[in-house]
Amino acid sequence: MTDQSADFGSGASWERLKQRAELLRCVRAFFDQRGFLEVETPLLSHDSVVDLHLDPLSVRLFDDPRMPEEGALLWLQTSPEFGMKRLLADGATAIYQITRAFRGGERGPRHNPEFTMVEWYRVGDGLQAGMQLLDELAQATLVRGPAERISYAEAFQRTVGIDPHQTAVEELADVAQQLGFHPSPAWDAQDRDAWLDWLLVSQVEPTLGHGRPTIVFDYPASQAALAKVRHELVPVAERFELYVDSVELANGYHELTDPQALQIRTQQANAARRAEGKFSLPNESRLLSAMRGGFPACSGCALGFDRLVMVASGASDLSEVMAFTIERA
Amino acid sequence: MAVYKTSDFRKGLKVQIDGEPYLMFEMNFVKPGKGNALYKCRLRNLIRNTILDRTYKGGDSLESADVEEIDVQFLYRQVDTFVFMDSSTYEQYELSADQVGDAWRYLKENLKCSMVLFNGNPITMTPPNHVEMKIEFCDPGAKGDTATNVTKPVKVETGAEFQAPIFINMGDVIKIDTRTGEYVERVRS
Numbered sequence: 001m002t003d004q005s006a007d008f009g010s011g012a013s014w015e016r017l018k019q020r021a022e023l024l025r026c027v028r029a030f031f032d033q034r035g036f037l038e039v040e041t042p043l044l045s046h047d048s049v050v051d052l053h054l055d056p057l058s059v060r061l062f063d064d065p066r067m068p069e070e071g072a073l074l075w076l077q078t079s080p081e082f083g084m085k086r087l088l089a090d091g092a093t094a095i096y097q098i099t100r101a102f103r104g105g106e107r108g109p110r111h112n113p114e115f116t117m118v119e120w121y122r123v124g125d126g127l128q129a130g131m132q133l134l135d136e137l138a139q140a141t142l143v144r145g146p147a148e149r150i151s152y153a154e155a156f157q158r159t160v161g162i163d164p165h166q167t168a169v170e171e172l173a174d175v176a177q178q179l180g181f182h183p184s185p186a187w188d189a190q191d192r193d194a195w196l197d198w199l200l201v202s203q204v205e206p207t208l209g210h211g212r213p214t215i216v217f218d219y220p221a222s223q224a225a226l227a228k229v230r231h232e233l234v235p236v237a238e239r240f241e242l243y244v245d246s247v248e249l250a251n252g253y254h255e256l257t258d259p260q261a262l263q264i265r266t267q268q269a270n271a272a273r274r275a276e277g278k279f280s281l282p283n284e285s286r287l288l289s290a291m292r293g294g295f296p297a298c299s300g301c302a303l304g305f306d307r308l309v310m311v312a313s314g315a316s317d318l319s320e321v322m323a324f325t326i327e328r329a
Numbered sequence: 001m002a003v004y005k006t007s008d009f010r011k012g013l014k015v016q017i018d019g020e021p022y023l024m025f026e027m028n029f030v031k032p033g034k035g036n037a038l039y040k041c042r043l044r045n046l047i048r049n050t051i052l053d054r055t056y057k058g059g060d061s062l063e064s065a066d067v068e069e070i071d072v073q074f075l076y077r078q079v080d081t082f083v084f085m086d087s088s089t090y091e092q093y094e095l096s097a098d099q100v101g102d103a104w105r106y107l108k109e110n111l112k113c114s115m116v117l118f119n120g121n122p123i124t125m126t127p128p129n130h131v132e133m134k135i136e137f138c139d140p141g142a143k144g145d146t147a148t149n150v151t152k153p154v155k156v157e158t159g160a161e162f163q164a165p166i167f168i169n170m171g172d173v174i175k176i177d178t179r180t181g182e183y184v185e186r187v188r189s
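One line per chain: the protein sequences are A and B, in this order. According to this note's numbering, the first sequence holds residues 1 to 329 in order. According to this note's numbering, the second sequence holds residues 1 to 189 in order.
Source of the hints: derived by calculation from the structure; they are not laboratory data. Certain hints may be false.
In silico DSSO-like pairs for lysine-lysine, Cα to Cα no more than 30 Å straight-line [said to hold, decoys possible]: (1) Lys228/A / Lys57/B; (2) Lys57/B / Lys278/A; (3) Lys5/B / Lys278/A; (4) Lys112/B / Lys155/B.
Chain B extracted, bound-state conformation (with noise of 0.2 Å):
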């Protein structure tokens, strides 16, 4: 494992501590003329996404974290796991539930998403940006109405519920923001 000492510091470092991985995204290099080197640094825990403040010393050191990130898409669920597929190795990881959070929301068969690998293990995973879906259920649309403003709860093909406008029907195809999780267009009706 590399040791980065404080004479490497600099933004983009990725970095463990207590065993987890963090990306300094943050690094002020202070010093009084006739005192102390600090460095403030900020990090972000690739794990948890919390914040760490930390100021070291000059000569102190933290090690290298091996962290990954690779292209993969979803197989499917099994219960409580979501099992991915490596794009390009095809080897298969698998996150629980609960390092999916609430992107399961979009995780449909075949999905192409980012995952990052920490030592080789996969800690967590990102869906593209846009996912289109396939409506399963919802009241059925009311016609001629075009307003994007009033919105109804739909249900997708990977059982989440969404709010879409009142002029959509059950079998159109809808594109989300993932980030923010709200409908953007219909795709195809």
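Just chain A, same shape as in the assembly (with noise of 0.2 Å):
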């Protein structure tokens, strides 16, 4: 036998594909007798997401196979929102779809350029409710009871001990360092977020969703993307996740609404990655269009479904839940 034909298997032992399978049935039965519309939207399109750290791979839309470098450059999602939210703007009060979603340069036990994503949006949800959906599907799907809420300053709170929204930059920078932080040289020690993302990363979600799933709510207004900001004595992003085993399985939002801040928020991404010396991302969308005509008040929320299938079976790498991870893809 040689080398290659030893290796055409799939790194995930048949139980955990058979569980992936259930669990799939078990997603869309979830959403179908809530009565969401199941959706297809196209995976391929002029728009994108444009987010400082979301990379979407391109594709040239050759005519002329003879010269495959011209024609328009389209864009893999990053996850179906744009799509979604503009049959939400037509109309629609309820869908959900599950699709594939593509993310350039992500790569990890936890990460893979290609991966399956379930996403709904439902009309009339605010925060409240778009948690509620989202602990219904987890209880679904993972039974481990109903999930502890609990609001990002306070997860910072109870881990390191500082507020979030209001340490000072240098003062975050000093508690990541004592608790063992080693920034290589060319780390921005003014970039707040950054050092918020490390403490997330390494001191407070590895204390969430165990016993039962955490869902996070109300992140900094600077990390909003496309949630709503409420503005209280400090503005937060009506922004969820959900947690079990640690893991990251969900992000939510209840979803702006404004199509002039989703113009400004667009323009401010794209201008911090050309900052970093990113490719810049299309400032036009047809959802913005959309969104000018108006757009409903909804939440929305997207989870990765690999990961669900990962905690679900136990497991601690993607590649023991996909059939074929992009190394062997």
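Join the two chains, each given in its own frame, into one complex according to the hints.
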């Protein structure tokens, strides 16, 4: 037997692949029972979500195979967000989709550049209703009981003992370094969110979702992405995340409905991308035009399906639950 | 000099930091869904054997280190300098007593060792796991006593002292484990 022929099989066991199929049925049943319409939107689009930390892969849509370098540049979706929101602007009320998403530069035990995402939206839902639906989905698929709900600030207070919204950036740096963080020389010490991300990943996340799932909500406004920002003493983003066994499984928003705010955030994200030497993404999109015509108040959420299978089956690496990860795709 | 970007980071990479070679022996990619991609690395300094923890952000880079392992044999010692010869090219390399460290205890003439070169310069050497050495001096062996748990100091041909069972005699050849410095067995009496 040659080396090549020995290497064709899946890294995942049949037992896990069967569990994956069962969970897929379970997710569909969950949304079907609640009257959600299953939809399909294009993987390949002229538009892209614009986020400093999401790097979409591109595809050249050529007409002439003799000149494959010529044609429009299309983006493989990093999530089905734009397509689904256009359907909401067009009258959809409760929709879900199970699809593939692609993200460049993401590879690790919990990251694969191509992965399966479950995404859903329901018109009329706010932050609380959005979290409630996510909690019910977690209960239906994982059977670990209702989730603990804790704000981003409380989660930081509990593990790191600081207020993530108001602590000065110098103090965040001190705290991180006291906790054993050794940044590279190129680290930007003024980048608040980078310090918060390190504290989140190394200190807070390890404590989340043990015994029962945890839903974290009210993120720093600087990390709002496409969530509504609520203006209180400190502004917070109406964003929520589900954690199980320290693994981040889902990210939801009480959705931004203001096209002007979307436009500003898109431009800011593109400026930040350029500042980091990354390629720019389109500032204009069909979603922006759709939102200018009116967009319903709603909540939406995206769940990493492969990670769900991972925690449900007690696996610790995506290669144990995906038929073929990128190296062997 | 090649440059490794964070996307090239993986276990086993040899990189250069502040002019010294490091082996990346642990690498973890972590990233909050809407946050920075972080590469948590543990690196071992190949000269001093110390551990360095560093977290890199997507887009950072490290210079590659030109690190090579070669087979050498020990030729001779000249005061504080140890001279080795590349077994295939016959090129000679020198290490200081500091660089050799405790391994001097095993360096008898013609001993085959492995040596690490950084940018073509020797930085460390490692003796084989087991070395056979002749006893130069010890108290006379206790006849008939074959116990190995009662030991006495013995001086071997390199001038180093080890602990060996009391039945060992001058002129015997014993095997020493270089990783622990402990007596393994008598090879010849």
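Lys112/B and Lys155/B were given as a pair; does the straight-line alpha-carbon distance stay at or below 30 Å? holds, 21 Å
With a cut-off of 30 Å on the C-alpha distance, tell me whether Lys228/A and Lys57/B pass. Answer holds: Lys228/A to Lys57/B is near 28 Å, not above 30 Å.
Are the Cα positions of Lys57/B and Lys278/A separated by 30 Å at most? holds, 13 Å
Satisfaction of hint between Lys278/A and Lys5/B, Cα-Cα up to 30 Å: holds, 14 Å
Against the hints set out earlier in the document, no violation occurs for any number.
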